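Taking our numbering, the leading residue of the sequence shown gets 1, the next gets one more, and so forth.
Among these hints, one or two may not hold up.
To be verified - Derived lysine-lysine pairs resembling DSSO-like cross-links, with alpha carbons at most 30 Å apart:
no., residue 1, residue 2
1, 63, 91
2, 158, 173
3, 88, 63
Simulated from the structure, these hints should not be mistaken for laboratory data.
No experiment lies behind these values; they were computed from the predicted model shown.
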Amino acid sequence: MELLTGAGLWSVAIFTVIFILLVDLMHRHQRWTSRYPPGPVPWPVLGNLLQVDLDNMPYSLYKLQNRYGDVFSLQMGWKPMVVINGLKAMKEVLLTCGEDTADRPQVPIFEYLGVKPGSQGVVLAPYGPEWREQRRFSVSTLRNFGLGKKSLEDWVTKEARHLCDAFTAQAGKGEC
Numbered sequence: 001m002e003l004l005t006g007a008g009l010w011s012v013a014i015f016t017v018i019f020i021l022l023v024d025l026m027h028r029h030q031r032w033t034s035r036y037p038p039g040p041v042p043w044p045v046l047g048n049l050l051q052v053d054l055d056n057m058p059y060s061l062y063k064l065q066n067r068y069g070d071v072f073s074l075q076m077g078w079k080p081m082v083v084i085n086g087l088k089a090m091k092e093v094l095l096t097c098g099e100d101t102a103d104r105p106q107v108p109i110f111e112y113l114g115v116k117p118g119s120q121g122v123v124l125a126p127y128g129p130e131w132r133e134q135r136r137f138s139v140s141t142l143r144n145f146g147l148g149k150k151s152l153e154d155w156v157t158k159e160a161r162h163l164c165d166a167f168t169a170q171a172g173k174g175e176c
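Given these sequences and hints, build the entire structure.
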């Protein structure tokens with residue numbers, strides 16, 4: 001009973017935190033090295049967030065590219081990422097691993113907004129048979145409405161001109 005009071009409680013808490021961090025680190029290392037390309041060693045919980053300048057991400061990724069090559073991995077918090085730099089590496093990955101790179105990331109805000117697995121449409125849906133079916137339907141419907149035909153282009157140009165005129169009129173009144 002004395003162990004869980006005062007200074008003893010702090011010792012147990014510190015030991016528990018260190019133990020959890022070590023288990024997390026070992027688990028990530030074991031899972032990480034077999035599935036992902038080399039990259040900087042991630043910190044427990046934070047991943048590589050402290051090693052990347054979020055204000056100047058392109059420069060940070062350029063420095064990491066110089067060290068780890070055109071294809072390397074990062075862990076942003078709990079999310080693993082594979083970074084692909086260079087035209088040659090991008091072309092190779094997109095041609096040889098097309099199915100793996102065609103999907104979209106899971107974005108938590110979509111779940112919060114109520115976007116469910118069957119209601120994502122073509123833009124937000126994950127790559128798969130449902131997405132291909134929706135895309136096929138969308139393209140055929142848009143073609144039926146005149147997509148790719150000269151008449152639709154003229155109509156869109158005319159509507160855009162009317163929209164620009166409306167914006168100009170509103171700006172002249174000082175309402176914008």
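Proposed proximity, residue 91 with residue 63 (alpha carbon, max 30 Å) | Given pair residue 63, residue 91 holds - Cα atoms ~21 Å apart, limit 30 Å.
Between residue 158 and residue 173, does the CA-CA distance stay at or below 30 Å?
-> Given pair residue 158, residue 173 holds - Cα atoms ~23 Å apart, limit 30 Å.
Hinted pair residue 88 and residue 63, Cα distance within 30 Å | 18 Å, holds
Going through the hint list in order, the structure satisfies each hint without exception.
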